[in-house]
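Starting from the given sequences, assemble the full structure and let the hints guide the process.
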Amino acid sequence: MVSVSRIEEWILILKGEGLLIKCFLLSLIIISLLSKVNVQLLMMHMYVISLCCVNQCVHMILQRQKQSATCLNSAMDSSAKSFNPNKHLKEQFVSDLTGSSMVEVFVLSAIFSMLILLRHTIGIYNKIVASLDEKTSSKKKTVGSRAYIIRMIVDFLSIVLPITLVSTVLSEWSYTIGVVFVLVLFIYFAYKRDGCWYQEEGVHSLRECVSSYRVSLMLITCVCILAVDFNIFPRRYAKTETYGTSLMDVGVGAFVFANSLVSRQARGISTMGLNLKSALSSTSPLLVLGFARLVFTSGVDYQVHVGEYGVYWNFFFTLAGVAVLTSLVNVSPNYCGLLGSLVLIGYQICLISGLNVYLLSSERGADIISQNKEGIYSIFGEVFLEIHNKGYWGLHLIGVWLGNNLLFGKNMKTNDSARKRVWILFLFFWCLTLILDSYVERPSRRMCNLTYVTFVLATNLQTLGIIMLSGGKKVSLLEQAINRNLLAVFIVGNLLTGLVNLWMNTLFVSPVTALFILVAYGFIICCVAGFADYNGIKLKFW
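So for the sequence shown, numbering that gives the first Met the number 0 puts the first residue at 0; every next one is plus one.
Honestly, the hints are just simulated from the structure, not real lab data.
The hints are all genuine.
Distance ranges between label pairs, derived from CB positions:
#, residue 1, residue 2, range
1, F515, N329, 46 to 52 Å
2, G535, F105, 37 to 43 Å
3, L156, K537, 23 to 29 Å
4, S340, V511, 45 to 51 Å
5, I152, P510, 20 to 26 Å
6, W502, A291, 15 to 21 Å
7, L494, Q91, 23 to 29 Å
8, W502, Y190, 47 to 53 Å
Each residue gets a CB set at the ideal place from its N, CA and C atoms; glycine is no exception.
Written out as structure tokens, the structure is:
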């Protein structure tokens, strides 16, 4: 074993050397303390070698400093302070993109929703689940936990894995996959002549469908926020720079719409009497997350695409701003659709009158509004020095009206009638989007213009309408687990995305490695959600 005097000598050595030498020596000390092997001689040899290497590196650095002192000093300073040396490359990787066609987004939305529909209806999955339930009901809890794990794995393989594959390696086959899914469902429904949608009726079945829709949105978002940093993810699926449509462009608008469908207003709960303090208190988790993301990205020099929200703004601030504005401005759900339409039309008139040029300009002033104009104008618009509501708030109001009429309103009769209305609405909004795209202005997520709002409504109602074909059957175990902790799952996805980006240079990872990382990442998210659900943990404390 190592003597006390030798340990004291090592401590004196560690006090006077650089960080790399300290780490190396410390590892040798730990090894020697945990084992009976005498590594003193080895340590001394490696220490001498390390010192020689350091001296040689210092000599080379001094020579280069004489040649180009200014360039070298700036490079050393930036590398010493940054946890993310490839920040600018990663920002360029997601910049100046034009997106894909609306047809492709339509097909992708259909594929992802048909995955949920297949999971709910096709017999092989249900037979597996039924057999596991029978074993669980007759045996002890240990078998129940084993059955729970198997069911979660089945759900992962039938939902999360296909979403990951279609978004990456199978992206060129999206149209073929869509046709195959349609044929499979057509044959299934033709075989079951009674039609699965007649099995469940009422409010409960509709809300099961909405839960499945919200979970599918969360899973797609979690997959895309990490996949976009790898070359395996098609650039046409990433967010557009100015105008255009893509898979990831739907994201923030879809979250606003999904939240509005089940909001307090949509459920007919009046927000009258809520003051600013109460509104801020109810949205405090979003504000905390927004500031936490701001501190994290600034502290580790994480890549931030300024054209997306602005210099300091982010996704959480947008959601919080919409929630605060909605709480303060109390409107009956019956009039939310009309008010939202007027807000969007008025805002679109401002855009085509010249506001769009300002929002898309790369020039920024020193004031806080100019620094974060994309994010702030996603909630507010400034015209003639007055503040008007627009963009995402208009989308939220329309979502409230739709939620109240489709899910919580008194005129909601049957699942079948609700399904027909959703299909009529999603076809209407797709037609309206094509008209606005041709004759008014192309969709722009960055400005949240009228065409973008109708595009978001069309894709989300399409997803909901396809899922509603399942007739409100009981959601899968994975959907149940994620639905219990939607915000927590999103936070875990963001944390894992940040860790992966800081751990490796995602731009130069091979396709096989990237796919393995994405599958493992999705599996970890499912495990976290499953663990919380199995133990009855619901991470909502506000």
